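Chains as they are written, first to last, in the working numbering: chain A, 1 to 243; chain B, 1 to 243.
Quick caveat, the hints were computed from the structure, so don't treat them as lab data. Be a bit skeptical, because a hint or two may be false.
[Said to hold, decoys possible] Simulated DEER-style distance windows between Cβ atoms:
#1 A:225 - B:13: 46 to 52 Å
#2 A:33 - B:229: 27 to 33 Å
#3 B:37 - A:105: 45 to 51 Å
#4 A:91 - B:216: 56 to 62 Å
#5 B:95 - A:19: 50 to 56 Å
For clarity, every value in this text was computed on a predicted model and none was experimentally measured. C-beta atoms are modelled at their ideal positions from N, C-alpha and C, and glycine is treated no differently.
Number of protein chains: 2
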Amino acid sequence: MKRVLLCLAFDGTNYHGWQFQPNAVTVQSILNESLEKLLGVPTNITGCSRTDAGVHAKQFFCHIDCADNIPREAFLKGLNSILPNDIAVIDYREVDKNFHARYSAKGKRYVYGMYYGDKEPFDERYYYRIDSIPDIRSMNEFAATLIGEHDFQGFSSSGRSVENTIRNVNECVVTHAGNKVYFSISANGFLYNMVRILAGTALAVGLGKLPSRIANSVFNDKNRSLAGDTLPPHGLFLEEVFY
Amino acid sequence: MKRVLLCLAFDGTNYHGWQFQPNAVTVQSILNESLEKLLGVPTNITGCSRTDAGVHAKQFFCHIDCADNIPREAFLKGLNSILPNDIAVIDYREVDKNFHARYSAKGKRYVYGMYYGDKEPFDERYYYRIDSIPDIRSMNEFAATLIGEHDFQGFSSSGRSVENTIRNVNECVVTHAGNKVYFSISANGFLYNMVRILAGTALAVGLGKLPSRIANSVFNDKNRSLAGDTLPPHGLFLEEVFY
Chain A
1 MKRVLLCLAF DGTNYHGWQF QPNAVTVQSI LNESLEKLLG VPTNITGCSR
51 TDAGVHAKQF FCHIDCADNI PREAFLKGLN SILPNDIAVI DYREVDKNFH
101 ARYSAKGKRY VYGMYYGDKE PFDERYYYRI DSIPDIRSMN EFAATLIGEH
151 DFQGFSSSGR SVENTIRNVN ECVVTHAGNK VYFSISANGF LYNMVRILAG
201 TALAVGLGKL PSRIANSVFN DKNRSLAGDT LPPHGLFLEE VFY
Chain B
1 MKRVLLCLAF DGTNYHGWQF QPNAVTVQSI LNESLEKLLG VPTNITGCSR
51 TDAGVHAKQF FCHIDCADNI PREAFLKGLN SILPNDIAVI DYREVDKNFH
101 ARYSAKGKRY VYGMYYGDKE PFDERYYYRI DSIPDIRSMN EFAATLIGEH
151 DFQGFSSSGR SVENTIRNVN ECVVTHAGNK VYFSISANGF LYNMVRILAG
201 TALAVGLGKL PSRIANSVFN DKNRSLAGDT LPPHGLFLEE VFY
C-alpha cells in the first residue's frame, strides 16, 4: 500500500459540500464511486477540510491509501474521464505514510468574489452580486485588523462545535479588478462559515454600514450579531492549501 | 401598445434552447412566465433566432408588444429580479412598430470556444476540451475559405427544413489566447448546427485530420459526411446580433 495525495478542483454548485452525507450528493461520494470504478476496490479518502454546500475549490487535497500500480499519467487521465465535468483531479503525488491531507496542512487561502453593476448570467454562478461599488480602502482597513492571532468565535456560525476558536490570519486583502471585488484571506484554519461572515462584514464596511474597526468589538464580545451577514456560498473558492 | 426590443444574456446549460417546446424548459418559456408576473398579462415574445439546447448567448434579442408604462429602469430591475440567475435582461429599447427581432436582424456573430490541456472544471462548462493545441494557422486558412456567399448545406444537419441554404459569411477567424482557442464567425444567417459543424471542421483541420481546403469540396458536393464532427453545444455562444 502506498499513500497518494490527490489534488482536485471542483465547481461546488451541484454538491452538498465535500464530506459524505446520507442522502446527499457530495464531492467525496462522487470521488469515492469514481475511484472504485478505476481501481476495482473501495478506497478510503481523507480530505483536507470540509467545504460547505455550493462552495468551489481551485485546489482541494485528499489522501488515499491504495495498492494500485497504475502510472501517474494513466491514473489522472482515467480518473478524469470517470469524474463528471465539474470535478477534476489535477495532481497525483506519492507521499510519506505519515503525511495527512488534513493534519499536515499548515494553512489555506480562501477568496470570496463579488461583482457589481448589471446582472450578468455568467458571473452569477461564481460571484455575489452587489448593487454598487463598495469602498475598497475601508474594506482593506477592516481586513488589516484581522491579521494576527484572534478569537474568531463571533465571526463563526454555531452548528459545528470546536473547542478552540482562536485562529491565526497571515494575510487578508481586498482587491478590485474590472467590476469584481475579491476578499482574500489566508489562515492556519477557519471556523464554520468564517470566510463568508468575514466577507459579509467587509462588504458592510465597504458600504458604510459598519465601521472599519468593527473586528475589535467582535473579537472582544464574541458576539456574532455585531458582524455582517453570512454571504451565500457560490462566491467562495478554496484557492490554495499550504503544506 | 408599444413595441419593445429586449436584449437578454443567458447561460443555456439548463435550457432546451430558446424556442417554446412542449414538456421542456426553454429560455422563452421562462421569460414568458416572468413577463406575465411583471406585467400581469400574457405577452407575445418573438425571438431573433432559435438557439439549440445548451447553447449560450451574450446577446439575444426579442421583441414584445405591451401596454406597460413601467419606466425602463424599473422594468429591467423588476424583470431581472424575477428571472433566474442564468438569464438576465440587459437592455430595453422602444422600437418602431415595423421593427422585428428576427426579420430586422442583418446578421449574427457566434463564437465557439475550446480549451486544451488538463481538465479544468471551471472551463468545462463553457469550452470544449481538446487534448492538444491545434494548428491555428491552418485553421485560419480554412476559416478564410468560408468568407463570402456559399451553399452551406453540407455544413448543416438535416432536421430543420429551409429552402435556401446559401449564406453570406462576413468574417471568420480563429484566435488563440492562453489555453483557449476561439472560432468566431459572422454571417447574415446560419443553418441548423452550422457553427458547431464549422468549428468541428476547423478543429479537424487544426489537428491535421482534414485539409485546410476542405470547404470547397463540401460546398460543391453538399455532402455533410465530408465535413468534421458537430461539436457539443456547451462551447457555443451567440455573441452579437446586428440590426
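Each hint, compared with the structure:
no.	hint	result
1	A:225 - B:13: 46 to 52 Å	38 Å, violated
2	A:33 - B:229: 27 to 33 Å	30 Å, holds
3	B:37 - A:105: 45 to 51 Å	48 Å, holds
4	A:91 - B:216: 56 to 62 Å	46 Å, violated
5	B:95 - A:19: 50 to 56 Å	53 Å, holds
Consistency note: the structure conflicts with the earlier hints numbered 1 and 4.
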